[in-house]
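**Student:** I would like the entire structure built from these sequences, with the hints used as guidance.
Chain order of the listed sequences is B and Y.
If you're matching positions, the first sequence starts at 1 in the working numbering and goes up one per residue.
If you're matching positions, the second sequence starts at 1 in the working numbering and goes up one per residue.
Please note that the accuracy of each hint is not assured.
Quick look at which bits of chain Y chain B covers, simulated, 3 or more residues with Cβ under 8 angstroms [as the list claims (entries may be wrong)]:
id: 1; region: 71-83
id: 2; region: 165-171
id: 3; region: 207-216
Think about it this way: if two alpha-carbon atoms lie no more than 20 angstroms apart in a straight line, the pair counts; the simulated PhoX-like pairs of lysine-lysine are [stated by the list, open to error]:
id: 4; chain 1: B; residue 1: K32; chain 2: B; residue 2: K20
id: 5; chain 1: B; residue 1: K58; chain 2: B; residue 2: K20
id: 6; chain 1: B; residue 1: K32; chain 2: B; residue 2: K186
id: 7; chain 1: B; residue 1: K20; chain 2: Y; residue 2: K296
id: 8; chain 1: Y; residue 1: K183; chain 2: B; residue 2: K58
id: 9; chain 1: B; residue 1: K32; chain 2: B; residue 2: K51
id: 10; chain 1: Y; residue 1: K183; chain 2: B; residue 2: K51
id: 11; chain 1: B; residue 1: K113; chain 2: Y; residue 2: K163
id: 12; chain 1: B; residue 1: K79; chain 2: B; residue 2: K34
id: 13; chain 1: B; residue 1: K189; chain 2: B; residue 2: K34
id: 14; chain 1: Y; residue 1: K94; chain 2: Y; residue 2: K163
id: 15; chain 1: B; residue 1: K51; chain 2: B; residue 2: K129
id: 16; chain 1: Y; residue 1: K64; chain 2: Y; residue 2: K94
id: 17; chain 1: B; residue 1: K120; chain 2: Y; residue 2: K163
id: 18; chain 1: B; residue 1: K79; chain 2: B; residue 2: K51
No lab work stands behind these hints: they were computed from the structure.
Backbone N, C-alpha and C define an ideal beta-carbon position, used for all residues, glycine too.
If you want the building blocks of each chain, they are given just below.
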Amino acid sequence: MAEETCALEIHDLTVAYGTKPVLWDIDLCIPKGKLVAIIGPNGAGKTTLIKSMVGLIKPVSGGVHFQIIEVKKGKFRNKIAYVPQSGSVDWDFPATVLDVVMMGRYGHLGWFKTPGRNEKNMALETLDKVGMREYANRQISQLSGGQQQRVFLARALIQDAEIYFMDEPFKGVDAQTEKSIVELLKNLKTEGKTVIVVHHDLQTVTSYFDWAILINLRIIANGSVEEVFNEQNLNLTYGNREHLKQEAN
Amino acid sequence: METLILLLTDYTFQTVAMGSALLGIISGVLGSFAVLRRQSLLGDGVSHAALPGVVIAFLLTGSKDTEILLLGALLTGLSATLIIMSIVRYSRIKFDSALALIMSVFFGLGLVLLTYTQRMPNAHQAGLKRFIYGQASTLLQRDVVMMAVCGIVLLTVVVLFWKEFKLYSFNPEFAETIGFSGKILNIILSLLVVLAIIIGLQTVGVVLMSAMLIAPAVAARQWSNRLWLMVVLAAVFGAVSGVVGTLFSSAFVKLPTGPVIVVCITTITIFSLLFAPNRGILHRIYLRRKNRVQFKLNGGANL
Ligand SMILES: Nc1ncnc2c1ncn2[C@@H]1O[C@H](COP(=O)(O)OP(=O)(O)OP(=O)(O)O)[C@@H](O)[C@H]1O
Ligand SMILES: [Mg+2]
Chain B
1 MAEETCALEI
11 HDLTVAYGTK
21 PVLWDIDLCI
31 PKGKLVAIIG
41 PNGAGKTTLI
51 KSMVGLIKPV
61 SGGVHFQIIE
71 VKKGKFRNKI
81 AYVPQSGSVD
91 WDFPATVLDV
101 VMMGRYGHLG
111 WFKTPGRNEK
121 NMALETLDKV
131 GMREYANRQI
141 SQLSGGQQQR
151 VFLARALIQD
161 AEIYFMDEPF
171 KGVDAQTEKS
181 IVELLKNLKT
191 EGKTVIVVHH
201 DLQTVTSYFD
211 WAILINLRII
221 ANGSVEEVFN
231 EQNLNLTYGN
241 REHLKQEAN
Chain Y
1 METLILLLTD
11 YTFQTVAMGS
21 ALLGIISGVL
31 GSFAVLRRQS
41 LLGDGVSHAA
51 LPGVVIAFLL
61 TGSKDTEILL
71 LGALLTGLSA
81 TLIIMSIVRY
91 SRIKFDSALA
101 LIMSVFFGLG
111 LVLLTYTQRM
121 PNAHQAGLKR
131 FIYGQASTLL
141 QRDVVMMAVC
151 GIVLLTVVVL
161 FWKEFKLYSF
171 NPEFAETIGF
181 SGKILNIILS
191 LLVVLAIIIG
201 LQTVGVVLMS
211 AMLIAPAVAA
221 RQWSNRLWLM
231 VVLAAVFGAV
241 SGVVGTLFSS
251 AFVKLPTGPV
261 IVVCITTITI
271 FSLLFAPNRG
281 ILHRIYLRRK
291 NRVQFKLNGG
301 ANL
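**Tutor:** Here's what the structure looks like:
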């Protein structure tokens with residue numbers, strides 16, 4: 001593992017809500033140019049880890065250091081792209097699909113500059129990539145769950161970042177769409193981008209990802225999928241939940 | 001008809017109508033953002049919290065000038081906002097509880113101070129009570145000029161920060177990750193909303209002001225799916241209610257202007273909730289009926 005370049009490093013990270021620690025003394029090196037799965041049971045702290053990495057949560061101690069890019073607070077951060085869980089926003093907001101995708105360019109525009117023709121064209125192209133072009137002018141309240149996910153994905157793709165953070169991008173997505181999203185993620189990897197995904201479906205870990213982080217309050221394992229994605233580690237992560245282990249086999 | 005023309009050319013009427021229209025525009029625009037951010041109630045808290053500020057300003061300065069009284073209102077309104085936000089941030093108390101708590105404490109304090117002040121010799125002429133239910137007829141030309149200036153400043157800021165406000169209202173966490181500080185945007189937006197409320201206090205008063213903020217936005221949302229259209233419509237609805245309310249109260253019934261304006265905007269809102277295409281309640285009922293008929297025709301077989 002020493003020869004890998006870390007896209008980001010985490011040192012002694014502890015995060016708590018109130019007095020209850022949710023992440024405990026995390027040390028991590030996430031290698032550059034990999035498709036990384038974050039795996040763990042509900043409430044394990046996956047979302048919290050991602051939010052700490054993109055700077056949405058202030059840790060009790062420790063911190064996240066980006067190695068390959070410069071990320072500063074208060075500066076426009078065009079090198080990281082964050083896809084939140086789609087349930088985290090109000091989809092009844094008065095906006096079209098195109099409006100939302102263009103938001104991915106706001107960081108590049110900076111304060112006060114308004115998006116124009118250029119941004120619109122980029123948004124349309126990106127919508128093409130996720131198969132949503134004909135929905136460009138659709139009101140976002142009229143999207144299905146899977147379509148919402150794809151809109152968020154397009155918003156991240158248009159950011160043209162170096163590291164992508166995605167919280168359950170396959171939630172509510174049908175098999176066909178999931179496949180095409182995985183294709184997009186693999187393309188990002190080929191371009192040398194790092195993609196970090198919170199993932200729930202243990203069956204697809206081996207075929208989708210090449211790096212896995214198993215987490216449950218602490219880091220249980222961090223390594224290539226072949227190395228760490230095994231029954232012993234899953235036992236440690238999920239405890240004694242037979243059905244889940246079987247799913248993985 | 002003649003009385004109507006007489007009225008429309010009346011100087012006092014023009015002043016009051018102008019002021020009410022301005023208020024409608026300002027509160028419509030800022031209210032849209034408050035409603036979309038699900039902070040409609042904050043307006044209620046701020047307006048009630050403004051009352052002690054008015055009285056304290058009078059007690060300290062002895063002045064009856066609207067500007068000075070409203071400055072006091074601004075200060076307590078802002079403090080209340082800050083306290084509510086800090087409580088939510090630093091404790092486990094939820095937004096609605098913090099709001100209810102602070103609102104009643106401030107409003108109660110305001111009423112106590114007001115009662116106390118009323119016993120003072122020159123308090124009656126100061127007309128502090130007008131800030132409870134509003135008294136549009138006391139609007140002077142310079143009040144309207146002040147409203148216009150404030151309005152232009154507020155609207156300019158909204159235009160300037162349009163993209164940021166849109167992003168922040170829809171998805172504050174995403175805004176933060178790409179470098180738009182949520183802290184700063186929250187402060188700016190909240191400040192604008194507080195200012196909009198303060199501007200309306202003289203006309204509609206602390207009790208009804210939150211309706212001026214919320215109702216135009218809720219009505220406008222019914223007719224539009226685009227943010228800019230919603231904001232423009234909310235401004236139009238607010239302005240129309242301001243003028244029509246003033247007209248009604250001064251021409252036909254001699255009712256207090258503020259409450260009549262609020263009745264106007266509420267009527268528009270109820271109408272919109274019922275009859276708007278797509279989002280209106282009647283349209284939804286109609287759609288359900290239609291689907292049911294179709295379903296029956298098909299015998300439900302091919303579903
Ligand atoms: N805002 C919050 N306030 C208090 N506790 C929280 C908050 N958010 C999360 N938690 C707690 O922190 C723990 C970790 O939550 P987190 O959302 O990171 O889990 P997760 O691994 O993403 O779970 P899931 O698979 O359900 O999405 C949980 O026990 C949760 O109850
Ligand atoms: Mg989660």
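**Student:** Indicate, hint by hint, whether the structure satisfies it.
**Tutor:** How the hints compare with the structure:
1. 71-83: violated (count 0)
2. 165-171: The restraint on the region 165-171 of chain Y holds, since 5 of its residues have a Cβ under 8 angstroms from chain B and three suffice.
3. 207-216: violated (count 0)
4. B:K32 x B:K20: The given pair, whose Cα atoms are some 32 angstroms apart, is violated under the 20 angstroms limit.
5. B:K58 x B:K20: 14 angstroms, holds
6. B:K32 x B:K186: 14 angstroms, holds
7. B:K20 x Y:K296: 55 angstroms, violated
8. Y:K183 x B:K58: 14 angstroms, holds
9. B:K32 x B:K51: Holds, at about 19 angstroms.
10. Y:K183 x B:K51: 17 angstroms, holds
11. B:K113 x Y:K163: 8 angstroms, holds
12. B:K79 x B:K34: With Cα atoms ~16 angstroms apart, K79 (chain B) and K34 (chain B) stay inside 20 angstroms; holds.
13. B:K189 x B:K34: Since the Cα atoms of K189 (chain B) and K34 (chain B) sit roughly 6 angstroms apart, the hinted pair holds (cutoff 20 angstroms).
14. Y:K94 x Y:K163: It is violated: about 29 angstroms lies between the C-alpha atoms, which goes past 20 angstroms.
15. B:K51 x B:K129: 26 angstroms, violated
16. Y:K64 x Y:K94: 38 angstroms, violated
17. B:K120 x Y:K163: 14 angstroms, holds
18. B:K79 x B:K51: 16 angstroms, holds
Checked against the numbered hints above, the structure violates hints 1, 3, 4, 7, 14, 15, 16; every other hint is satisfied.
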